[in-house]
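**Q** The residues making up each chain are set out below.
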Amino acid sequence: MNLKISALKFIEEVKTGNITVEEFTAKTIDRINQVDDKLHAFLSVNNNAIDQARNIDKKIKSGENVGVCYGMPISIKDNMCIKDTKTTCASKMLENFVAPYDATVISKLKKQDAIFIGKVNMDEFAMGLTTEFSAFGPSKNPWNIEHVPGGSSGGSAVSVSSYECIASLGSDTGGSVRNPASFCSTVGYKPTYGLISRFGLISYANSIEQIGPLTRTVKDTAFMLNIIAGVDPNDNTTLNNNNEDYLENIDSGIEGKKIGIITEMIGDGIDPEVMTATKEAISKLEGLGAICEEVSLEMVKYSVAAYYTITATEAGSNLARYDNLRYGYEMPVEGYEFNSYISKARKNFGPEVTRRMIIGGFVPSAGHAGKYFLKAMKVKSKLTKEINEAFKKFDLLIAPTVPILPFKIGEKIDDPVSLFLVDINTVTANLTGKPAISIPFKIVNGLPIGIQLMANSMNDKMLLQAAHALEKTVTLPEIPI
Amino acid sequence: MTKIGLEIHCQLTNLESKLFCSCKANYREFEPNENICPVCAGMPGSLPRLNQEAVKKATMISMALNCSTPEKIAFFRKNYFYPDLPKNFQITQLNIYGDTSVGGSGTISVGDKKIRITRIQLEEDPGRLIYEGSSSKNQITLVDYNRAGTPLVEIVTEPDFETPKEVRDFLNILSDLLKNLGVADPSLEGAMRADANVSTRGGNKVEIKNIGSFHDLEKAAHFEITRQESLHDRDIPIAQETRHWDDRRKITVSSRSKEEDLDYRYFLEGDIPWVKINPEIKTELKSKMPESISSKKERYVTKYQIPEQVADVLSSDKFYSDLFEESHSESNAKEVANIITTELMGLEDTREKREASKLTAPHLKDLADAIQTGKVSRNSSKNALHEILKTGKSVSQIISELDLGNVSDESELLKIIDQVISNESEAVEQAKSNPQTINYLVGKVMQATKGKADPTSTLNLLKKQIGI
Amino acid sequence: MVTVEEIEHVSKLMKIDVDDHSEYLEKVQTMISYFDILDSAGVESEEISMPEIPIEQLRNDEYIPFNEKLIEKMNHYKGTYVRAPKM
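Chains as they are written, first to last, in this note's numbering: chain A, 20 to 500; chain B, 74 to 541; chain C, 371 to 457.
Because the hints were derived from the structure by calculation, they are not lab data.
Quick caveat: nothing in here was measured; it's all calculated off a predicted structure.
Mixed in with the good hints there might be a few duds.
[What the hints assert, rightly or not] Taking lysine-lysine and the BS3-like style, the derived pairs with C-alpha atoms no more than 30 Å apart in a straight line are:
#1 B:LYS282 - A:LYS111
#2 B:LYS361 - B:LYS238
#3 C:LYS443 - A:LYS129
#4 B:LYS323 - C:LYS456
#5 A:LYS366 - C:LYS443
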């Protein structure tokens with residue numbers, strides 16, 4: 020049985036009876052058992068998956084209404100709550116936390132008969148770019164297991180690209196869906212801020228993060244978006260998309276669209292292979308009828324510093340609730356006084372999270388807020404103004420998703436600033452709330468390169484059309500695993 | 074020069090749900106931790122959902138206190154760790170980026186004085202802590218989140234108060250105002266709390282927290298002023314600090330200050346967008362606002378000629394002014410007001426008595442009419458009122474059952490008067506020489522009629538019969 | 371410049387016990403020095419922008435109890451309270 024199919028193809032095959040959900044699910048679990056020891060994408064696998072698949076096959080046979088997912092196996096980044104399931108955020112702090120409710124995206128997918136095949140690995144509390152900061156061990160890039168898969172949604176990207184599942188949901192705060200998608204050669208999407216409900220997503224930096232799908236094709240992403248996007252009364256920051264159909268007219272192409280090439284994102288420090296790939300992508304787009312021209316976003320230079328200042332501040336606050344009193348891990352309160360207990364309990368945060376919390380306590384504190392946090396907020400405002408100006412002239416903006424090729428595990432873990440700068444092309448979309456997508460474009464020396472497109476707020480549909488057009492021009496080699 | 078400022082926290086207990094979730098706003102009837110959900114218990118992944126009515130009520134309070142109300146309001150996080158704080162931050166309001174809290178500067182009159190309101194903000198109440206175990210070694214802290222997330226309006230005043238009594242008067246006026254607006258019930262335990270700051274003779278400001286009731290607030294302010302004055306007298310400078318009120322020992326005690334805990338790292342709450350309150354909504358709210366106490370008082374005095382004292386008492390009490398509105402007519406307004414303030418309020422002096430009372434607005438109307446038309450004397454009306462409260466029977470029924478009907482028939486009254494005159498010849502003689510003593514005879518007539526005689530007619534007839 | 375004392379102070383503020391504050395010093399200092407780049411962004415006069423929502427779109431004031439006994443899903447004491455260390 021071929022596991023290497025898109026979501027839409029899978030659904031078609033199930034509908035026509037060529038495959039059963041149970042068979043496919045069993046094969047998927049086999050695949051996980053076969054490769055995950057090496058790749059470590061999964062933190063936990065759903066033991067009831069085959070039973071659930073059987074039930075869906077029953078429903079299909081009896082002519083009952085079946086949800087549009089038809090039992091599609093989806094992996095979920097372990098920072099989204101699935102009721103009665105362990106949700107750890109890859110942290111020892113939440114080792115024993117069992118979620119008492121479903122995240123909105125989970126309820127929506129459940130209703131459509133998706134099967135959650137397992138929870139996947141991430142950087143602890145989504146703070147990182149390589150999945151090396153997981154408290155449960157790193158994930159490996161299936162294209163070359165000595166290299167990082169990207170992060171923080173590393174497990175998501177690995178599970179999709181290595182055919183351990185058909186699609187995944189990750190979360191993107193500064194590139195955490197697009198970056199691993201680029202490193203593992205899958206599609207990775209960050210919607211307009213507010214398009215997808217964050218209710219049930221364990222917060223890291225709530226003013227800029229979004230849940231996003233990782234899939235094999237752009238059409239699959241559009242399909243997922245149709246299910247999970249839309250206003251949610253449980254999340255005051257969600258926007259009304261008037262039930263937009265993202266699959267409709269996705270083939271309309273890119274003729275006449277104006278695309279801006281962001282100068283600051285193809286500057287110094289970019290790997291020559293990535294630069295070459297970017298130029299190739301631009302000519303392909305021009306070949307499809309788009310008009311490409313350089314555009315400068317000056318604030319990009321400051322975007323990484325602003326991003327880390329703001330996210331550290333928000334993280335410091337969002338993670339304050341982990342005091343191990345109501346949920347967490349086993350540590351009895353006897354013999355402790357309040358402050359000593361929680362300070363000791365919170366030692367279970369990993370070193371990267373601890374570092375970010377220290378920074379997050381420092382930059383908004385009374386003596387330093389003006390210099391760091393407030394300035395960062397102002398950079399965010401100015402960058403938003405700049406990009407809005409750019410979108411007056413351009414329909415889309417383009418840049419390579421990551422300026423460098425996937426690097427080796429351990430290579431950047433001790434160099435925080437060098438690691439920060441891996442994000443330089445992706446944080447802009449988060450700080451400004453604009454939708455952005457990474458499309459797998461090329462494999463060089465066995466390592467994937469992704470190209471990123473951005474559109475203006477609420478232009479997700481047009482963005483997907485453009486991405487689909489570019490994707491059609493690409494043929495990629497098979498993954499070697 | 075003594076300066077006292079207040080920070081009053083008022084729970085919006087008349088709302089159905091909490092500020093950021095749909096659990097019940099009034100938590101008092103629940104067993105511990107039975108009124109919680111993932112949002113107010115601070116579970117991972119939960120998000121706040123702002124209560125529309127809470128914003129409206131807070132805006133109304135701001136308007137009632139003559140405060141400015143901005144076009145957009147924002148929420149902030151106040152970050153600190155405490156077991157009663159489920160997220161270890163409180164969502165509250167601040168004015169760091171312009172005026173973004175629900176009410177800006179305003180004033181309220183206390184007697185002749187105008188007290189300035191600094192700002193009004195909407196925020197969430199923390200949970201409650203219960204301590205079990207006696208010795209400090211065995212003591213455990215138990216947390217109940219039922220109250221966490223209850224909507225609070227915080228009213229901050231300038232240090233315009235000069236005496237503890239002014240503070241007390243203000244708090245009473247504020248209580249009545251909030252009750253009158255229908256936003257809160259200050260009589261509920263813990264529904265209104267206040268902290269104070271006190272400075273004397275231009276010295277440092279001392280914050281006083283942990284004050285359980287308004288009564289304690291007056292005491293605490295009094296104690297603190299005395300404490301500071303005595304320090305001044307000994308030339309000892311007043312430390313700028315936070316003290317807490319020790320209710321057992323009735324003193325203020327310096328709180329252990331923790332440097333680290335005082336940095337709240339305030340920043341905007343990213344989960345709640347800025348809320349736009351457009352002018353149409355404000356106009357609508359204003360029109361829906363119940364009549365203010367001062368406006369009611371003025372109306373009672375000018376329209377119904379109700380004496381000022383009576384109007385004062387009546388207008389300040391929402392329950393009774395509502396009753397007045399329902400039961401009065403043009404002709405009997407003064408009488409109804411009189412009955413309420415001189416008799417009814419005294420009889421129904423507790424919440425339980427008020428709730429058990431069977432009196433309704435029509436009863437009151439009928440009773441007032443009966444007094445005015447002379448069907449029952451004012452004296453007898455007191456008995457009638459008693460019966461109404463107890464039995465709920467109609468006024469006419471009670472008058473006949475208890476035989477309270479006025480002896481207003483002149484011939485009957487005359488008969489009784491003549492009888493009294495013949496029995497009390499000595500008193501009659503006295504009355505002829507000293508007219509003031511006629512009251513004794515009036516009393517005798519009242520006795521004979523079991524209080525049903527109309528005192529005025531009795532007096533006139535007596536005078537006529539005696540010939541004075 | 372960030373000092374070890376400042377790291378001690380902040381880790382107390384954030385309630386995280388750090389065994390060796392100097393261990394964090396280098397990396398934290400590197401990160402915060404990198405943020406100094408914000409000084410040259412020239413954004414002093416920028417206004418902070420925020421998304422908005424009209425009051426009409428806020429949640430209706432309705433009491434809807436949570437459909438489960440949430441306290442049983444948390445670390446609890448005697449099934450009714452959450453237990454905290456002594457104050």
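**Q** Each of the hints needs a verdict: does it hold here or not?
**A** Do the hints match the structure? See the list:
Using a Cα cut-off of 30 Å, the hinted pair LYS282 (chain B) and LYS111 (chain A) is violated, with the two alpha carbons roughly 38 Å apart. The suggested pairing of LYS361 (chain B) with LYS238 (chain B) is violated, with an alpha-carbon distance near 33 Å, which exceeds 30 Å. Distance check on the hinted pair: LYS443 (chain C) and LYS129 (chain A) sit about 22 Å apart at the alpha-carbon level, within 30 Å; holds. For the given pair, LYS323 (chain B) sits about 25 Å from LYS456 (chain C) by alpha-carbon distance, which is consistent with the 30 Å threshold.
A hinted pair counts as satisfied when its Cα atoms are at most 30 Å apart, and LYS366 (chain A) with LYS443 (chain C) qualifies at roughly 24 Å.
Violated hints, in rising order: 1, 2; the structure is consistent with all others.
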